[in-house]
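Protein chains: 4
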Amino acid sequence: MLAGNSIGKEFTVTTFGESHGKFVGVVVDGCPAGLALSEADIQIELDRRIPAEPKIVSARIEKDNAKILSGVFNGFTTGAPIAVMVENREVDSSNYDAIKDLPRPGHADYPARIKYGGFNDYRGGGRFSGRVTVALIMAGAIAKKLLSRFDVDVLAYTTAVGNIETDKKFSAEEIRMNKYAASTRCPDVACAEKMEQEIVNAKKEGESVGGIVECMALNVPVGVGEPMFDSLDADLAKALFNVPAVKGVEFGLGFEISELKGSESNDSYIMKGGEVATSSDNMGGILGGLSNGMPIIMRVAIKPTPSVGKEQKTVNLSTMKESKLTIKGRHDPCVVPKAVPAVESAVAVTLADHMVRSGFIPKVLERAK
Amino acid sequence: MLAGNSIGKEFTVTTFGESHGKFVGVVVDGCPAGLALSEADIQIELDRRIPAEPKIVSARIEKDNAKILSGVFNGFTTGAPIAVMVENREVDSSNYDAIKDLPRPGHADYPARIKYGGFNDYRGGGRFSGRVTVALIMAGAIAKKLLSRFDVDVLAYTTAVGNIETDKKFSAEEIRMNKYAASTRCPDVACAEKMEQEIVNAKKEGESVGGIVECMALNVPVGVGEPMFDSLDADLAKALFNVPAVKGVEFGLGFEISELKGSESNDSYIMKGGEVATSSDNMGGILGGLSNGMPIIMRVAIKPTPSVGKEQKTVNLSTMKESKLTIKGRHDPCVVPKAVPAVESAVAVTLADHMVRSGFIPKVLERAK
Amino acid sequence: MLAGNSIGKEFTVTTFGESHGKFVGVVVDGCPAGLALSEADIQIELDRRIPAEPKIVSARIEKDNAKILSGVFNGFTTGAPIAVMVENREVDSSNYDAIKDLPRPGHADYPARIKYGGFNDYRGGGRFSGRVTVALIMAGAIAKKLLSRFDVDVLAYTTAVGNIETDKKFSAEEIRMNKYAASTRCPDVACAEKMEQEIVNAKKEGESVGGIVECMALNVPVGVGEPMFDSLDADLAKALFNVPAVKGVEFGLGFEISELKGSESNDSYIMKGGEVATSSDNMGGILGGLSNGMPIIMRVAIKPTPSVGKEQKTVNLSTMKESKLTIKGRHDPCVVPKAVPAVESAVAVTLADHMVRSGFIPKVLERAK
Amino acid sequence: MLAGNSIGKEFTVTTFGESHGKFVGVVVDGCPAGLALSEADIQIELDRRIPAEPKIVSARIEKDNAKILSGVFNGFTTGAPIAVMVENREVDSSNYDAIKDLPRPGHADYPARIKYGGFNDYRGGGRFSGRVTVALIMAGAIAKKLLSRFDVDVLAYTTAVGNIETDKKFSAEEIRMNKYAASTRCPDVACAEKMEQEIVNAKKEGESVGGIVECMALNVPVGVGEPMFDSLDADLAKALFNVPAVKGVEFGLGFEISELKGSESNDSYIMKGGEVATSSDNMGGILGGLSNGMPIIMRVAIKPTPSVGKEQKTVNLSTMKESKLTIKGRHDPCVVPKAVPAVESAVAVTLADHMVRSGFIPKVLERAK
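Protein chains in written order, with this note's numbering: chain A, 1 to 369; chain B, 1001 to 1369; chain C, 2001 to 2369; chain D, 3001 to 3369.
Because the hints were derived from the structure by calculation, they are not lab data.
Worth double-checking, as some hints may not be accurate.
To be verified - Each computed DMTMM-like pair below joins lysine to aspartate or glutamate, with the alpha-carbon atoms no more than 20 Å apart:
no. : chain 1 : residue 1 : chain 2 : residue 2
1   : A       : 261       : B       : 1332
2   : D       : 3272      : C       : 2322
3   : C       : 2067      : A       : 153
4   : B       : 1324      : A       : 264
5   : C       : 2204      : C       : 2193
6   : D       : 3261      : C       : 2332
7   : C       : 2313      : D       : 3264
8   : D       : 3100      : B       : 1366
9   : A       : 169       : A       : 153
10  : B       : 1261      : A       : 366
11  : A       : 22        : A       : 90
If we strip away everything but chain A, and leave its shape as in the complex, we get:
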């Protein structure tokens, strides 16, 4: 488990595959037996990864078909490892050989080459490509199906693209209804269009833009998480930083909280509908690393795609001389829309793991008939 390709201690996700290899896949081990699961459950999440609007995405149209290889029998999970895979099609590796020795700024090319002694598959970033989030999303689809059995819902959505930011707060209902309407996955429909324009503009200039993705997890029971090192926020943050291009993660009020007084930031306990609740949710639903029953609210900062059309400075690692680089090939001018399902999956996988670990989700969901 040292090589970094697995996450989760009980609901464990192991991924494989490279951007320009033949397959990208995932093995989900530790999913309880008795969950209804089909390829369609996974396919729907994969399809949502690609916005319908071709103007804002890479020309590489990755229509991925999820294939379940094991772990499902008669329509239900069996308790055995679930392997799922997609084929990489329409791979065009021709652009990469020319720039093999020219690490792209902002990508993992340079440290990956050093780390693996030059044996890494460098084409399209190889193992470090955003392409491999497909594996995360397939695992996320399984995690979300499992969580939904326990009424837990995970909703990610865009709140900013470049300098366009929504200032609205959304209900779960609004998010569900509106997020897929817009290619930018922002539930504020008017703002979503401006965001789309921001991306189109960046593309025209050979530029790229970043943004902010927010995520809420609803109905998580009280007491999910562990003390000290496996606190729920720590494990969520770890998973979120694994989404490519994330440079910041915050919970509840996040960085803003540092300017408040204790009496302003504390969420008071109240009784609400016969249950303990808090009057506000400044903490984002997590106290001391444990869920407190309120919505868990996270926000991640996404950097602009490092692949830009403009000429950039780099170093030729073969000659060790400074050099110029112009990146060709197909690239997304903004990865925020694709980050939305990845964020959702990272959160879902972590919650599934913690809820199984904590005993909130049993090993067998029901007895087979």
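Using the hints, position chains B, C and D against chain A.
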């Protein structure tokens, strides 16, 4: 490893102890053999945890004496687990029994009670108290000693307390020289005094304040970290969110980067002193989850201490009725100064783990004579 | 990692697939970069799994074709996870539905049904079938290729089938030369024929037989293994007990050693060819859980195949009444020959893991040209 | 978790300490909250480790006093890590310095020195001493207390010492009543005396003897264990091989089963008292790595203590010349009696871990009043 009290896959830290128990301790397993290590190496870090200035800290003066129980022989680590412990002294648990059923807002009291069925040691937050960072700091002292053998230096310091924020950038030299001069651990001496005053003011009002801690890791070699899930930033973030009161973590430009264009945010490769470097460090030294040889820069948001002197609303968990709570006892009006060594330790422990894992640090540092 | 389908802490093997599912596969994570690896390297081990002699094996001829899905680029491992898969063909599940409620004695049918609430794929034993050793053998092929780069050789061979036992000691050379000559994988050619006859006789009677497999690992350097819980013999034994049908494991003199005196059993240290060696190898190359440089010698007891042709007593788990069962379908009258490569793979995978963990095998084998 | 000093994935045991260090201790993490636990529960198992009969044990009388450092509050476990420690007293290290460069045959001295570059604490075997089983026994005491809440009982006892072997089968009642009566822990009272004489004779000759320890685990529910790699027998075997001096482990009929026919070895299913049972227990209660509800029966082979009084051949590792060695100091002529509680603890710790993992034991045993 499911109960959350261990971190690190090869340099593994396991902690034990509660705020009002008899001991707080740590077992560090996987530290290479042949590292010179003494109790004094650990003691110095423990002493730095408590600012000399009594005005800004809790009245509980925790003079902790580190005792090494195992794993060191003739002044060197042996490769066996290193256990270190401090005794909890001057513990006054009298204030807690009265409020046993009244969970303190902003603390883990409520979710911990639910999670452990009421068996948790609730005194002073028990296992969820900031007190247990003593164990993290003892592990951090060992990690820092190990890293220093490989010229890696980890430096944390305060950049904001409440509304007082420094706008200076610091060299490593300035940080080392000035951070311990000020009780608030800010290397900007003038600003440090204002921060101190901010804390004193908060204390007078029965209030508390939060702040920002920044941390840099210097001389980390290229290629530390793993792909996909154990990326270096993900594991650093996980460790940082385990420091009590942290609500946000960012690397390099962090949240600001979401507003830049790709050509603005990318760090170009250049040759510098015969080595590959980057012309800026917007990425904070990490690309695709791997270190790129540049300084690793992190920032964490610390919330105001939830224990305030003012009366607060809560719920009596025995009667399930809304209630009032006034917290007595000794509390820090600002945990930022104590968070500084905890942040440093979290980073050091994570880097030590990843550098051992990646093979940058060997299992035996040298041959014994 | 709780669901049991992974082994190895650094060279980590995760398997998936069921006996009558579509695929059986494995993900090997943590294999160093720079190892020359092809599908042929894996295929040869798969082919050796099926003895040429059709008289002694199941009629199901599992000609498996290994397909590498990821982790190999330009003929070398990249450091990324290596996924390998075979398709299950010629699967005939018709016999199993009739006996769904009648657990076969000696198989995992009954406890598996209870454990998974009836959701487990029961066809052919599903996840508990000997079929899944195909995944172990594919991982073993990679481990053996890696070990061979460091001159470590792992050789398993049959020493007993039913009541036929060889009393010879074999050199590595003899084993390599003769083991594949005989369908029973015994390097004592004369004895191997008697073993074959023993199996043929058992088959005729609708019976099955067990046996003993011995394994030696040569050229393992001194000091492989860890203290206390991950001792080398403990981890080898764990892997060996995972080979289906194993009921006993011993090292060196094994159970016989309990009757000796200390002065008889101790292996004295001597100098041999300028190196420290021992005058005997009663300990089987392991002391205190660490390799001592001598050949590692293990022996495993294999039970008779539980699927016999004779009518057996069982309980109908639907009616909870005692019942009779006659197993149809294709079964091996003796799994010893198929256990040989599985034992070899279990040992190879464990040694590869420990040698990578201990730093004897580096993360990158060489620099790419 | 790579350095080998932890075992168990959910009920996790981490040990520390060396034979001639100051302390030996253990951290048990993942023990459910709500288990009544006191130092006396642990002390009784420690006391049983040392047979009352001084003739057959080392002169070093290790009266160990268990001290609980954390994790217990108001007499119950809290869910936080439980640290327990004993002080090493009456340590006499004077004999070891003289033989520092002369590795004792049969001990870990030589490979440990190589592995740790000479930094290991070599006194009395240091980390590799049988002394560290004290930590295992303290963990075992907690595991046994936990298991007893679920009616699971683990009973180990001696069946052979040197050439003296009992041929009786024992009921659980007989074992409980008689095993502690005899210093050799054999429930066959007449045979136990002969075993004692065998040890006394060996001691007189400056010799040592080994033996066989059997262990049964009763009332383990059906379905404990995992498929493939974490099968219950594999994990039990791993734990058993970690008991010092164990060279063989077998379940049920063990090695004998290799000579039977399938129809002879299979345990038929029957109905007994309204429950599914088997008519025999040749499999030792485990099928396909899962418990089947029958008693789990294991047997381990213990080698003669390698420390004998007679002069032995060794190599001086400083001069690399062959040399002679006479071991002084205090040694047990037979470790079988001390192995009995270690075996029991290894089994109890493994069962506790698997029963928590499988969900048979919940995270909180009851609600606190």
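Holds or violated: are the alpha carbons of residue 261 of chain A and residue 1332 of chain B at most 20 Å from each other?
Satisfied, since the Cα-Cα distance of roughly 13 Å is no more than 20 Å.
Residue 22 of chain A and residue 90 of chain A were given as a pair; does the straight-line alpha-carbon distance stay at or below 20 Å?
holds (10 Å)
Pair hint outcome, residue 2067 of chain C versus residue 153 of chain A [Cα-Cα no greater than 20 Å]:
Given that 20 Å is the threshold and the Cα spacing comes to 38 Å, the pair is violated.
Straight-line Cα separation of residue 3261 of chain D and residue 2332 of chain C no greater than 20 Å?
holds (13 Å)
Hey, residue 1324 of chain B versus residue 264 of chain A, does the alpha-carbon distance stay inside 20 Å?
Judged against 20 Å, a Cα distance of about 16 Å means the pair holds.
Given the hinted pair residue 3272 of chain D and residue 2322 of chain C, is their Cα-Cα distance within 20 Å?
holds (10 Å)
For the pair we were handed, residue 3100 of chain D and residue 1366 of chain B, check the Cα-Cα distance against 20 Å.
Status holds; Cα separation ~19 Å.
Taking only the CA atoms, is the gap from residue 2204 of chain C to residue 2193 of chain C under or equal to 20 Å?
The hint holds at about 17 Å.
For a C-alpha distance cap of 20 Å, please report whether residue 1261 of chain B and residue 366 of chain A respect it.
Outside the cut-off at roughly 51 Å; violated.
Holds or violated: are the alpha carbons of residue 2313 of chain C and residue 3264 of chain D at most 20 Å from each other?
holds (12 Å)
Hint check: residue 169 of chain A vs residue 153 of chain A, CA-CA at most 20 Å. Holds or violated?
Cα-Cα ~17 Å, so holds.
The structure is inconsistent with the numbered hints 3 and 10, although it conforms to all the rest.
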